[in-house]
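**Q** In order, the protein sequences belong to chains B and Y. Going by this note's numbering, the first sequence runs without a break in its numbering and finishes at 1790. Going by this note's numbering, the second sequence runs without a break in its numbering and finishes at 129.
It should be emphasised that the hints constitute simulated quantities derived from the structure, not laboratory data. Warning: the hint list may mix true and false statements.
[What the hints assert, rightly or not] Here are some, though not all, of the chain B residues that point toward chain Y, as calculated from beta-carbon distances under 8 angstroms:
1. R1351
2. A1383
3. P1385
4. Y1460
5. F1583
Glycine is no exception: its CB is placed at the ideal position from the N, C-alpha and C atoms.
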Amino acid sequence: MKIRLGKLGRLLLAAPLAAAASVARARRARESACECDPAPRPSRLSPETRRLHFCGQLFCALAVSLFGVQSVVANAGSFELAWPAVPLPIAAEVGRAVHLNLAINWPIYGLIGASYSLTRMPVTARIVKVAFAQLFLAVVNFAGIVASLLLGRFGGGEYLEAPWPFKVGLLAILLIWFGVTAKCYKWGKRHDRQSAVTAFVVAAGVLLSALLLVPNILPVGPVQAVEGFRYLVVHLWEEGSMELVAAAVIAATLARVLDVPWHWIEPWLWVESALFFLSGTFGIAHHYYWFGTIPALRLVGAVFSLLQLLPIGVVAFESMLYSKGRVKAALSTPAVLLVWSSVFWNVVGAGTLGFIMSIPAINRYIHGSFMTSGHAHMALFGVLGMGTLGACAAALETPLPDWSRLRLAAIAILNLSLGIMGFSLVGAGIAEAYLLRVAGMDFGGVISLLHQYFTVRFIGGLMFMTGGVPLAFSLLHPYWKYIRRGEKA
Amino acid sequence: MMSRPRLFLLAVSLPLIVFFGLLFFSVGRLEPMPPSAEAGQRVWLRKGCMECHTVMGDGGYNGGDLTKSLSTRGRDWLLAFFAAPPPLTKNRLHPTVSGANLTDLMSFFEYVDQLPIQGWPPLPAGKK
């Protein structure tokens, strides 16, 4: 049946179409307005702000260098595990302590660097001096930690082996970071919403990290208290405060690199950060099951560990949202690929595997086994490490031709090798749990039967080195050439 | 309507306050460790034992859990172990302690062994 539209009919049809077009024009106008303005071009930043960016890039360079070193020296530990009878120059306990302290410290330096290099605030010369002093302190403090550990001077439990003066040094580094970021928030409240929101979330995470470190400076009290406080750093940094910092820094990095409108990012940043924090705070109970705590804590730990999957789901959804229409650009950008890798390991290694391990009936058997080590590799490096490297890769970008293909290949190798290392340790943990806790075999016998898992893990570690060292080189070498030219990116 | 930063602060600080309240309340209720056991814990941490061994499942995984080492191996076995530690590699013996450090470490093992930790580690089938 033919429908004939008279003049009035055509007018009535055109009106809603015109209204929709007008709404779309208004939205485009809002998007191009001040609030969503892309970052000020470098030439519009004050000289002091550019110097702060330079300091941030040096922090990132320090982080990437330490990552490169770690990817080499960690092989000594995996070699020792596979072939324990072969003598090595460094004792196993010293090597492991250095490895763990590298794992804690370089992501912090990387996130400091990335957050400084994203600053838009016109800073004062004083802030720049403080930031450079902080960088000097970071180098000296970390060198002190390594020297103490090499001399066999331990000052605490796992991840907290640094003697107390160096923990105070780390606390000072965190507090300086908080101070600079708080100033950025104060400025951003009046001038730039993106800066204000990013700085707020980063400052909240950093201040909390500092507070959580305080009870761990000197391990005193009953063993349950010492271990309980230790997990404030081991868990609440990784799954709470540092998660806030990483979320905000990575969000701001993606906004810059992929040109994602900030008004898309901000609501999800708030949701993700709040969910990470709410679930992570009581999710710490999954580390407290076998301390002599109340049995109800097992239910709390299991439930909140399940809830921890929610923010991980949000993160995965966000990465799809921001990549929409930008997939080709994203695939050729190392920073974005590293962030995507971080999301992947968040879902697989931290979220899914972590939740399975937190189920009390399973945890009872796998607690204290190599499965924890596998999970730690995937969560600590896979999530925090990859995310930090992504933010650093964006911060260290230069206009010079870079080694893009090498970087992309290195990232692929890193992911593959992390999977090999992580899952071989998970396999070792499952076998160990069965042989030790079900079959009742002696520990020495169990270890000798796990040799093939440790061999695979060692091979994974060598592969990791073939990805880690080139990635570090490909990030640092162009940047070094650039600053030698006398320019700052 | 509350601003987003304020809402966020409220969302994170309330659970944090509850959590820290519970944590400090729980820690405050713990029985103090005997001084010798506390000294033993310091030896345990200072010598880096937790890099290879676990206590209550926390530490390194190369050397096995020592939570119930006193009840499973016995004091005499442990003393003999530290008196003549076995080789780890061709050139290195297992680290050892002696004298007052050893006495304190034994006290630490004794303390940890009797902690009520919900029957962890689980015993293999057929063993009591």
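**Q** Compare the structure with the hints numbered earlier in the document and write down the numbers of the violated ones, lowest to highest.
**A** Hint check: 1, 2, 4 fail, others pass.
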